[in-house]
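Construct the complete structure from the given sequences, taking the supplied hints into account.
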Amino acid sequence: MPETIEAIFKKHGRTSDELIPILQDVQKEFGYIAQESLKKISRYLKLSENLVFGVASFYTQFRFTEPGKHAVKVCLGTACHVRGGSTLLDTLERGLGISCGETTEDRRFDLERVACLGCCALSPVVQIDRDIYSRMSVNRLTELLKKYE
Amino acid sequence: MTKEKKLSITIDNRKVAVKPNITILQAAREHNIYIPSLCTLEPLPSYGACRLCIVEVDGLRGFPTSCTTPVDDGMVVRTDTAEIRTLRQEVLKLLLSEHPASCLFCTEHDECKDYQGTIRKVGVTTGCRYCPNDSLCELQTITEKIGLTETSYPVYYRGFPVEKSDPFYDRDYNLCILCGRCVRVCNDIRMNGTLSFKERGKQTTIGAALDRTHLDAGCEFCGACVSVCPTGALSTKVSKWYGKPDGETKTTCVYCPVGCELLLQIKNNETIDVFPNYDSTIDQGLLCVKGRFAIPEYVASPERLATPQRMTPLGYEDISWDDAIDEAAEKLSGINPEDVLIVVSPQLTNEDLFVAERFARELIGTDQIMSVLITDMREETVSFLNLASASSPFNVIDTADTILTIGFDSTYGFTPIGIKIKKAAKAGVNLTTLSVHESNLDIVSGETFQMNVTKWPALLDSIMGKMPGNGKGTKLKPLNKVVVIGAEVIFSPKRGAVFEKIVEMKDRFGWKVIVAHPYTNLMGLLAMGAFPGIKRGEIVSDGTKSTGPAVEDPLSAMDLARHRKVVYLIGEVPFENLPECDFLIYQNALSVKSTRKPDLVLPSSLFTELSGTIISAEGRILPIRKATDPYGKSMPDWQIISKISEKIKSGALKYSSISAIQTDIKKQVKSLSDVKKRLEFRKISAKTSGKGRTGKRLSDPKSSRKPWEEKYRGIALKDVVSGMLVIEERRRHE
Ligand code: SF4
Ligand code: SF4
Ligand code: FES
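Chains as they are written, first to last, in the working numbering: chain Y, 1 to 149; chain F, 1 to 734.
Simulated from the structure, these hints should not be mistaken for laboratory data.
Backbone N, C-alpha and C define an ideal beta-carbon position, used for all residues, glycine too.
Errors might be hidden in some of the hints.
With a cut-off of at most 27 Å between alpha-carbon atoms, the simulated DSS-like pairs for lysine-lysine come out as follows [claimed, not checked]: (1) Lys426(F) / Lys46(Y); (2) Lys40(Y) / Lys426(F); (3) Lys649(F) / Lys666(F); (4) Lys643(F) / Lys565(F); (5) Lys677(F) / Lys626(F); (6) Lys40(Y) / Lys423(F); (7) Lys73(Y) / Lys202(F); (8) Lys494(F) / Lys506(F); (9) Lys46(Y) / Lys423(F); (10) Lys426(F) / Lys10(Y); (11) Lys423(F) / Lys39(Y); (12) Lys39(Y) / Lys164(F); (13) Lys649(F) / Lys633(F); (14) Lys69(Y) / Lys39(Y); (15) Lys69(Y) / Lys40(Y); (16) Lys11(Y) / Lys426(F).
A few chain Y residues facing chain F, derived, Cβ under 10 Å [what the hints assert, rightly or not]: (17) Ser42; (18) Lys46; (19) Ser48; (20) Phe53; (21) Val55; (22) Ala56.
The calculated label-pair distances, taken between Cβ atoms and stated as ranges, are [claimed, not checked]: (23) Lys69(Y) / Val436(F): 38 to 48 Å; (24) Pro43(F) / Gly97(Y): 47 to 57 Å; (25) Ile146(F) / Glu29(Y): 50 to 60 Å; (26) Thr204(F) / Ser137(Y): 33 to 43 Å; (27) Asp90(Y) / Asp58(F): 51 to 61 Å; (28) Glu4(F) / Tyr32(Y): 48 to 58 Å; (29) Val155(F) / His12(Y): 38 to 48 Å; (30) Tyr148(Y) / Gly48(F): 46 to 56 Å; (31) Glu29(Y) / Lys244(F): 52 to 62 Å; (32) Lys687(F) / Ala34(Y): 51 to 61 Å; (33) Glu105(Y) / Glu303(F): 45 to 55 Å; (34) Tyr133(Y) / His733(F): 44 to 54 Å; (35) Lys69(Y) / Lys244(F): 52 to 62 Å.
This is the structure in C-alpha cells:
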C-alpha cells in the first residue's frame, strides 16, 4: 500500500526548491505522476500545475501515465543498432500495437528505447523488467513476451 | 537606500555615465546604441535565450550576453566588431534553422514589394502571406538589421499542428523561437502560470500541462503572451490577417469600473485590436480578457443598429433621424411625469448621464431615473451603494498586511486587482479567500474557505472577532486590512446579511473595502444625480461633510408594477420587471432579442466612436477618446437626448459638443472641476420613510437566481463576442 501523497508532503517544506525531491518521491511511491498528484503538488507548493508539469517533463525520469506491468526496453545504442535493434523495436511496436513510450491497452507492457545498457558484446539486447536478454532475434522475442503475463 | 552614484563605462569608444544595477543592454539603449535582441523585453526579467545581444567586454572571457551582464565602473564594451557581426549572423542562422523562413529569404523579396498593390474586389495586396505577423515581426526587423540575406542551413519544419481550439487566439508553435517572453509574462507579470516550457531539447514546446487546452489549464485569456511574442506564433483570431494597424488611440475600457487604459489599434477606420499599456498608473497594463479581446467584435457586431427604426404593422421600417426625433418628442412632450420611466445604463459616459438626468428632472419633471442596478440589488441597493461609494483605491492592496476576498475571482475580470492580491500573497501578506466555488486566488491564499453564502456572516463574525479593537490582538499596529468583494456575493440573493457584516468591518474595525462590481460608471451615474433621490453633485465630497444623501428604498420608490405611457431606455435593454407601457423607446447600439418589442429604435454610437469621461471605482475621472467614426447613422446618446429635448422645448437642453457639456458639468458639479484629484464620495444612507410601501410588491425575478453574466449596455458579451461564450460556459461549470 503506497504512502499517501500527504505523507510525502510532510517530509518536505513548502518552498519551490522542494519540487524535484517531491516529484521523485511521488514517482517512487506511485510509479508515475498522476493528474491528481500534479494538482496536489501544485496546491502544496503554490505553483501552477503547468509549471510543475514543465519542470517534471524536462526530466525523462518522470512519467505521467500509469506504468504497465512489465517494462520492455530495447537498446538502440550503436552496437545494438548495428545488429538489428531497430528491427526488434519495430517488431515490438507492431506486435504490441503501441509506439515507443506508450503502454499497451491491457496495461501489460510499457515500451521504451534506451541508448545503451552497457553490454554491447551481447547485442542486440532487450531488457524486460530487471532481466537482460542478449543476442535477441525477432523469433525469440515473440516467444519471450508470452512468458510475461 | 543611499543615492546611487552613476558609473562610467565605455561603449563603442563612447564614454557614458550610467546608473548602477542595470545591464549593458539597458545602458546601451539609454544612449541609443543599438544591440539586436529578441528575448529581452521590458518589463520582463532578463533571460539570455536568444544570444543575439552578445558583446565584447574587456577582461571578460568570450562573448557575454549584454542582457544578462550588469554594468561595472570602468567597463569597456564593444557592440559591433566584425567578429561579433559574424557570430550574430551565425546565431541567427541557427535560430532560423527551426523557423520557416520564406518571408525572410526570397530572391524576389525586393522586387515583390513594388508590385504588391493590386486592384481586386477587395483591397488587399498580393504577395505571400504565410504568417499573420508579416510586417509586424521582430524577427524580420532583426534579420534585416543583422544583414542576413540567406541561410546556409536547411530549415527543419517541426510540423506541430496549429492550436486553434482555444478562444481568442491561435498558436502555431512551428513559428516559435523559444524566446520565453510569453512564459515570463504569464508567470512573472500576470502571476498566472498557464504557460511553461515543456520537454527538452528539440522537443521543447510552450504550453500547458499534459496537452490541456489553455482554457482547461486556467488561462485568463489576457492576451499578454500574444502582445509580447516577437514572431507570428501567437495571433489574435479576429485580427490576425489585418496586417499593420494604421493608428492607435489611447482610451479607457468601459466594461468594468476599474477603468483600464486601452490602446485601440485602428485600421481603415475600424477598431481591429486592443493592446495594454504597461506604463498605465491605473492597471499597469494588466487588462482582462474583456478589455483585451471583447471590444472589436462588439463594436463591429452584425447586430449594430445603423438607422432609426419605427415599428409598423409589417415590421420595422427605417426612418430618418428627423422623423424619429419628431416621434419621440411627440410622445414625450407635455406628458405627466408619473407616466414616464427613464432608464439609464450605468455604462454610459458622464456626459450622457448628465444630459439624461437634466432631461428627466428638468424637462420631464420626474425623479424616477431607473437603472438596472436597482432591480439587480433590490432591497439591498442602498447598502450596496454605501459600500461601492466607500470603495478604496486599489493600491491599498500594496500596503495591506491582511487581505480577505469574498466571492471574488479575477480570472476573467478585475485582473489588475487580482494580480495585486497575488503579488501581495506571494510576498507573504496574509490572504484569506472565501467563496462558494473555487477562486483563482485560492492557490496563493493562506486560508481558503469554500462554503455556501448563508454560512458567510458567521464566518465573517469570527474573522472580526480576531481583530484588534475587540480586546484581542495588538492594538498598536496600524490597521491595513483590505476586504475585496466580488460577484459571488454581489449577485447572491443572500447578499444582504453579508453586506451588513462588511459595513460593520468597515465602520467598526477599519477594514478598507474594494467592491468589484460590473457597473462601469456607477460613480458617474451617482455624481451626475441620475438616480432617484440623489441630486446632481451631491455625493461628491468637497472635504467638508462626509454624510451624503439619505435615499428611500429605490425599488419600491420606482413602483415598477405600475403601467407607464412611455418607457425610454437609454443604453439599456428591456429587463425583467420592466413596466407595461404604451410606447417603448429603445436607444442603444445593438438590436435586442426580447419579447418586448420597441416601438421606436434609436441607434447609439459606442465608446470607440465618441469622446467623454467616466468615473472609475477608484474615483478617477478617466477619458474616453474617439477612435473611429460613428457606425452608420448612429449618434452619441447625449446628442440624441439633446435633439429630442430641442423638439420638446427649444433651447432647453441644447448641446452641440461634448466640451459644452463638460463646461456645464464643471459649473454645476463644483467638486468635479479638479480632474486631477481622485474623487471622494459621501456616504449614502437609507431613508426610513414614514409611509409604508407604495404600490404592489414586485415579484421576485427569476433572474436573481440566474447566474450573473458579463454585459455591456444590457447585452451579454457572450451573445456578440464568440470567445466570451466559451468563457461564460466555463465560468458556469466551475
Ligand atoms: S510563442 Fe512567441 S513569445 Fe512564446 S516563446 Fe515562442 S516566440 Fe517566444
Ligand atoms: S479589468 Fe475591467 S477595465 Fe480592465 S480590461 Fe477588464 S473589464 Fe476593462
Ligand atoms: S536579448 Fe540577450 S540573449 Fe536574447
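Hints breached by this structure | Hints that this structure does not satisfy do not exist here, as all of them hold.
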